[in-house]
Amino acid sequence: MTPPRLSLVDQHCHSVLRDDPTADSFAAHLTESDAPPAPGTSHLDTQLGFAVRRWCPPLLGLEPHCPPGHYLDRRRELGADEVNRRLLGSTGITDYLLDTGLDGGLLDLPGFAAACGGAVHEIVRLERLAEHAADTAGSAEALADGLAGAVREAARTAVGFKSIAAYRHGLDLDPAAPSRAEVRAAAGRWLDGRPPGGRLTDPVLLRHLLWSAAETGLPLQLHTGFGDPDLRLHRCDPLLLTDFIRAVRPTGCSVVLLHGYPYLRSAGYLAHAYPHVYADIGLSLSYTGARAGAVLAEALELTPFGKLLFSTDAHGLPELFVVGTELFRRGLTGLLAEWTAEGAWSAADAERVAAMAGGGNARRLYGLDG
Amino acid sequence: MTPPRLSLVDQHCHSVLRDDPTADSFAAHLTESDAPPAPGTSHLDTQLGFAVRRWCPPLLGLEPHCPPGHYLDRRRELGADEVNRRLLGSTGITDYLLDTGLDGGLLDLPGFAAACGGAVHEIVRLERLAEHAADTAGSAEALADGLAGAVREAARTAVGFKSIAAYRHGLDLDPAAPSRAEVRAAAGRWLDGRPPGGRLTDPVLLRHLLWSAAETGLPLQLHTGFGDPDLRLHRCDPLLLTDFIRAVRPTGCSVVLLHGYPYLRSAGYLAHAYPHVYADIGLSLSYTGARAGAVLAEALELTPFGKLLFSTDAHGLPELFVVGTELFRRGLTGLLAEWTAEGAWSAADAERVAAMAGGGNARRLYGLDG
Amino acid sequence: MTPPRLSLVDQHCHSVLRDDPTADSFAAHLTESDAPPAPGTSHLDTQLGFAVRRWCPPLLGLEPHCPPGHYLDRRRELGADEVNRRLLGSTGITDYLLDTGLDGGLLDLPGFAAACGGAVHEIVRLERLAEHAADTAGSAEALADGLAGAVREAARTAVGFKSIAAYRHGLDLDPAAPSRAEVRAAAGRWLDGRPPGGRLTDPVLLRHLLWSAAETGLPLQLHTGFGDPDLRLHRCDPLLLTDFIRAVRPTGCSVVLLHGYPYLRSAGYLAHAYPHVYADIGLSLSYTGARAGAVLAEALELTPFGKLLFSTDAHGLPELFVVGTELFRRGLTGLLAEWTAEGAWSAADAERVAAMAGGGNARRLYGLDG
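Residue numbers (the working numbering), protein chains in the order written: chain A, 1 to 370; chain B, 1001 to 1370; chain C, 2001 to 2370.
Please keep in mind that the hints were generated in silico from the structure rather than gathered at the bench. A hint or two may mislead.
Not the full set, but computed from the structure, chain B residues with beta-carbon under 10 Å of chain A [what the hints assert, rightly or not]: (1) P1037; (2) P1229; (3) Y1261; (4) R1291; (5) A1294.
Just so you know, even glycine gets a beta-carbon here, dropped at the ideal spot from N, CA and C.
Model the full assembly from the supplied sequences, consistent with the hints where possible.
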């Protein structure tokens, strides 16, 4: 089998930096840590760091694995605009589902669309939406009563929602929708003494947002698995969502389990057992680099092939789009070549599954061809 | 090393359908989901579906990976009896340990024995036994006092027991045997308002059954790990049985951890640490198809080689016996060939371990040669 | 890439037996089980048993995989001193960090140093230190008030501390340092009726020891993951330490997560997310034998390469030093050869990472070159 040149849908990503990153900021975008590296270590001495050093230098005219300093020099020489254009242009991604819930010197949605040259669709982050609403709410009651409407309003232009309840509380939430009285009381507690921009961590309001999103019928992306030190990983096992998944099933909403590492097999089980559950394979590949094929293979155990979704979860650096797509393509191609060579799969099925995971499933789920 | 033609003991399986399945029923037997496939997806687009399409068509005179429709046409043309005979006859299984606790158009035990041509031994499902007892019990007291006796009676002809407490409650049960008073009270609560055929979910009675079975000294099979949406997977981690395993040790009963995916390494640890614990590798291979060798390899990390047990957990379709045996044989042969080629194992040890896992361990544990 | 002859630092090990082991004692040192093998099975029919039979016979002039009886005969013929010398001398370990908290016919620290010919550094086991203090304490108050001082005193000569709180309670401990009053009350409860040599299991005192060690600034090794049946494996997931890791961060202490199997990916995540966390890869390789490369590969997913630490966790038998080093060297070499061959890593980086994991990281962390 020759490596297919898949047309990819990146079903979960973020925008890139407008300006040149400093060396420290570049390294900080390649780790989930919130701190400088330990003495004597480097944030680039990781699978992700090595993957960036493999794939990106040639796109800027350098040798793979050249010293990081050379790469950063060349990057600055070309400038952020040119680097964004070259790297984003290399990936073969045709559609980007952009989570617009992060700040920090990023290109806005039109700016990103111009840089990447693809179709860009918005994913609305629920906690951010609530925090904006809280910033301008006249009263707790108005906030409480207005949240569901704000979610419905966002659904008019977004293709899906995202929740980071995993970060803000953990996935061990009460699965039921809270009552109107509970939501009002929680809104009161939250607004009382909240500083401007204060984060939403209240579990009642987090649940209210999840249920409000579910009732729009749009796909609901949930962070699961690893991330930065804001979360407790064992409280991000997607299996903790089982009762929520059951409860939300009658709404007709689809649940997309993002990332999931190291609980990819659990996410695959949920996608297998429940018709409305889908499993993402994004961040887990970028961060595991040379091991991406082995990690992807675990996701391909129980996940029905019509339920697997590609993404990069890239954020800030266009390098993360490059690495995410290269690792996905090579990992998938390697597995399919092995399985067809030994006769376990037919070549026709392998090609079909590659097209589904790379973009077909996402196009159908988010209605991108609609 | 040439692939050994192992004589296999299938230490956990179910009977097959008497009649031709419809296309929908065929697909439904190839998933743990309880629902039609999601829009645009198919229950056959899975590792298990592809494994069936690889191994079974040639046994009916078709090409591997032929379209599912051709296969089902050919299957109907031959008829269920002939298909059962051909597929079951291809496996090399000499002994079947049949869990008789499922209904739904299946061949009865003598009918299955005639179809498979092997020796068939009964595994009695504890919850089913209790539900039958409840259907005819004169009083709660009579039910409570009679359960242990019914279990002892079943032990006269069965070779082992099985519990699906994982489904009915989760494995996070109180490890201790309940008192007689607790059992009587629980039986009263259960019978009170129970519809005919009503399921047993009461944790006190589930524990009473487990302890009654343990006291017979027969091996006790426990469902662990994945299954259909009736269970919560994170409450089926075999490690949740640790305190029960310790408590039951003095009875002399052996505990067999069934399935276990994705917690195979945890099951291997328990089999390693406790002399009376055994680990099954069945369902996990069928459902992971092209990945079966990789999954089996994890079970071969800590599980002592005298503690690993082959099974298919086939149910309804004879195809599942074919796939379960082919994947086990190829997966095991592949690993042993790799390890002997690099000198890590001797060829003699590899052959010995293959014979143990394929049937020798089960023969010894269940006394099949007695 | 040719296999590098790494100069290794064994960052966690125990001493070896002074005298020849019996056949039963030899086998008992190759399992985490506390019992004779199940009927019809052998403690040598495991990955660890096969690894010992592969690597050790040639060092005593026998064929690899010779029958265990021949090996034990030859071992007795040579005698414990000669066997210890030959096997320890074969490993290429230059520095041993010895946990001196175990008894049972082991060479003392000078005796071990003479046998191995390398530099030996002491790791003090906190629970043992407290049990010694309890044996001689005049009063509960004196014990409570003296523990932190005893830890500080030990820090004058030790290079690090070790805790087996995972065994004695589980890692699901309250993360905060207990108050002085709590420590005094706990010491009173413990001493009240304690038999001489009685084990410390009180969670307040376990936490007090952890915090006392952290405040010395020396690295703190914590048992995580599998071990003998004294522990409950699901209560040894390193992720249960997350809140302790956060709480202890300001002390400047480094936390070393030992063993970790099967939670190696979780340990890797913690080492990735927190600057003061390191991940050990020792016992997990010895016990998984032919699978050691696959297990090591999982540790190499998220663990930053400057945070991975080699060890053997050998105890009693010099064979365990041989197996631990051979499996680490071959596993690492195999992975690096694969990754450099496919271009994912540069050869220079691979060499650098091998040197870091084999010893450089430990030298820096424990100040061995100081």
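Hints, one by one, checked against the model:
Checking B/P1037 against chain A: minimum C-beta separation of about 7 Å stays under 10 Å; hint holds. Hint status for B/P1229: holds, given a least beta-carbon distance of 5 Å to chain A, under 10 Å. Interface restraint check for B/Y1261: the shortest CB-CB distance to chain A comes to about 7 Å, inside 10 Å, so the restraint holds. With its C-beta approaching chain A no nearer than about 5 Å, B/R1291 sits inside the 10 Å limit, and its interface hint holds.
Satisfaction of the interface hint for B/A1294 is found here, the shortest Cβ-Cβ separation to chain A being roughly 7 Å, below the 10 Å cut-off.
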